[in-house]
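Protein chains: 2
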Amino acid sequence: MNIGILGSGIVGQTLGSGLVTNGHKVMLGSRDAASTNAIKWAETNDAQHGTFSEAAAFADVLFNCTMGAFSLEAIKLAGEGNFRNKILIDVANPIDFSRGMPPRLTIGNDNSLGEEIQKLLPETKVVKALNTINYELMVNPGQLNNGHIDLFICGNDEAAKITVTELLVKEFAWKRECIVDLGEIKHARSTESMLLFLISLTMKYGTFKNGIKIHRC
Amino acid sequence: MNIGILGSGIVGQTLGSGLVTNGHKVMLGSRDAASTNAIKWAETNDAQHGTFSEAAAFADVLFNCTMGAFSLEAIKLAGEGNFRNKILIDVANPIDFSRGMPPRLTIGNDNSLGEEIQKLLPETKVVKALNTINYELMVNPGQLNNGHIDLFICGNDEAAKITVTELLVKEFAWKRECIVDLGEIKHARSTESMLLFLISLTMKYGTFKNGIKIHRC
Chain A
6 MNIGILGSGI VGQTLGSGLV TNGHKVMLGS RDAASTNAIK WAETNDAQHG
56 TFSEAAAFAD VLFNCTMGAF SLEAIKLAGE GNFRNKILID VANPIDFSRG
106 MPPRLTIGND NSLGEEIQKL LPETKVVKAL NTINYELMVN PGQLNNGHID
156 LFICGNDEAA KITVTELLVK EFAWKRECIV DLGEIKHARS TESMLLFLIS
206 LTMKYGTFKN GIKIHRC
Chain B
6 MNIGILGSGI VGQTLGSGLV TNGHKVMLGS RDAASTNAIK WAETNDAQHG
56 TFSEAAAFAD VLFNCTMGAF SLEAIKLAGE GNFRNKILID VANPIDFSRG
106 MPPRLTIGND NSLGEEIQKL LPETKVVKAL NTINYELMVN PGQLNNGHID
156 LFICGNDEAA KITVTELLVK EFAWKRECIV DLGEIKHARS TESMLLFLIS
206 LTMKYGTFKN GIKIHRC
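If you read the sequences in order, they're chains A and B.
For the first sequence, position 153 matches number 158 in our numbering, and the numbering has no gaps at all.
For the second sequence, position 158 matches number 163 in our numbering, and the numbering has no gaps at all.
The following block holds chain A by itself, in its conformation from the complex:
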């Protein structure tokens, strides 16, 4: 599968490396095709790098790993047409740390970044996923509670969510029973706003590696 990753930071690099290891062709997309990060990553991983537009055009499936405050601009730079009929896994969070800790959301409450991306790309199957978990755990959830931690996904296209679930299970060893489909993309409000809570936990415990297990009766 050809996979395009928007964003050449540590999240995009980690997901990309995991996918290359599993035999996929991966292109890391940056605003600037001469991104030092992306060039080094591509050399190390025997993979490709390019502009946002090149990565989107190359891909069958895309990951949005840009900074949340910049994601909509990144998608516009990539060209909306390059996303048509594809699955876009939105990993970003619209978090703003500029006013101190705890941070705030730039989009939230009765809206979400996931929804805004879906509005911008009506012919794309946007699936919100992996945004509630640290990048090291994204590709290795077994580090926590023997992998018995929950991952929350949402999106409007049922088939796309099944595809993403299979990808998470197969590529990154998520337990199928721990992938919780919350419903339509509007539930991205829930998982994005959970970042406020997860950052409170990080401030308390000094680790980003927190995971949630839901119990119910």
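Be a bit skeptical, because a hint or two may be false.
No copy is singled out in the list; a pair is fine if it fits within one copy or between any two copies.
DMTMM-like, lysine to aspartate or glutamate: derived pairs with alpha carbons at most 20 Å apart [claimed, not checked]:
| # | residue 1 | residue 2 |
| --- | --- | --- |
| 1 | K209 | E48 |
| 2 | K218 | D186 |
| 3 | K81 | E59 |
| 4 | K209 | D162 |
| 5 | K81 | D65 |
| 6 | K209 | E189 |
| 7 | K30 | E176 |
| 8 | K218 | D155 |
| 9 | K91 | E78 |
| 10 | K218 | D162 |
Derived by calculation from the structure, the hints in this document are not laboratory data.
Fit chain B to the given chain A structure using the hints.
Leaving out everything else, chain B in the frame of chain A:
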């Protein structure tokens, strides 16, 4: 201990009944002293009822169990002076269901109801607690995962948080190691916004009885 509860709905009634059972004197406060709910509850539980003001004046420790959108008004009706030097355990969430599901927060992101109450009552020790859990679980957490679910508290007064922790452990059988002090009252932003997520879970599973266990490494 004399305990005053603001709000005579099911949350206030449930906490009140638990505290009466354990030998405390409890007064349930309502906007209207002739509240049918409160009168019936007081008769059934051999306890007291009164106005918000009477309940606040009566109490050594208070619980705010009013609807979040109404909490600040309820406290003003109770008279700010009646809260001076007391602990107020804020159980409310500023949730607005009027625009459909999922709901929205009337206060959120870079502010919270807990913080607004602390600002209104600067001489009161406000501790946010129990707002992330269904009322039946508040007084009986053992129903879920043998009681191994986490409860998140926050507030500016360290001694008050210790008192509240002891109360939760002793009165409602919360496990001490599951009570997570997130820090200052500003972390109420985290636990109140978590309601968006908890309501998504309720919409999915059809039960309000959801609990969270955090794992970390």
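Hints, one by one, checked against the model:
Neither within a single protomer nor between protomers do K209 and E48 lie at most 20 Å apart by alpha-carbon distance, with minima of 38 Å and 44 Å respectively. Within a single copy, K218 and D186 get their C-alpha atoms as close as 14 Å, and across copies as close as 19 Å, so both meet the 20 Å cut-off. Taking the closest pair of Cα atoms, K81 and E59 come within 20 Å of each other only inside a single copy of the chain (13 Å); across copies the shortest separation is 59 Å, beyond that limit. Taking the closest pair of Cα atoms, K209 and D162 come within 20 Å of each other only across two copies (16 Å); inside a single copy the shortest separation is 37 Å, beyond that limit.
Only within a single protomer do K81 and D65 lie at most 20 Å apart by alpha-carbon distance; the minimum there is 18 Å, versus 58 Å between protomers. Within a single copy, K209 and E189 get their C-alpha atoms only as close as 32 Å, which misses the 20 Å cut-off; across copies the closest is 11 Å, which meets it. In this assembly of identical chains, the alpha carbons of K30 and E176 lie at most 20 Å apart only when taken from the same copy (13 Å versus 58 Å across copies). For the identical chains of this complex, K218 and D155 are neighbours both inside a copy (5 Å) and across copies (10 Å), given an alpha-carbon limit of 20 Å.
Within a single copy, K91 and E78 get their C-alpha atoms as close as 19 Å, which meets the 20 Å cut-off; across copies the closest is 50 Å, which misses it. Neither within a single protomer nor between protomers do K218 and D162 lie at most 20 Å apart by alpha-carbon distance, with minima of 25 Å and 30 Å respectively.
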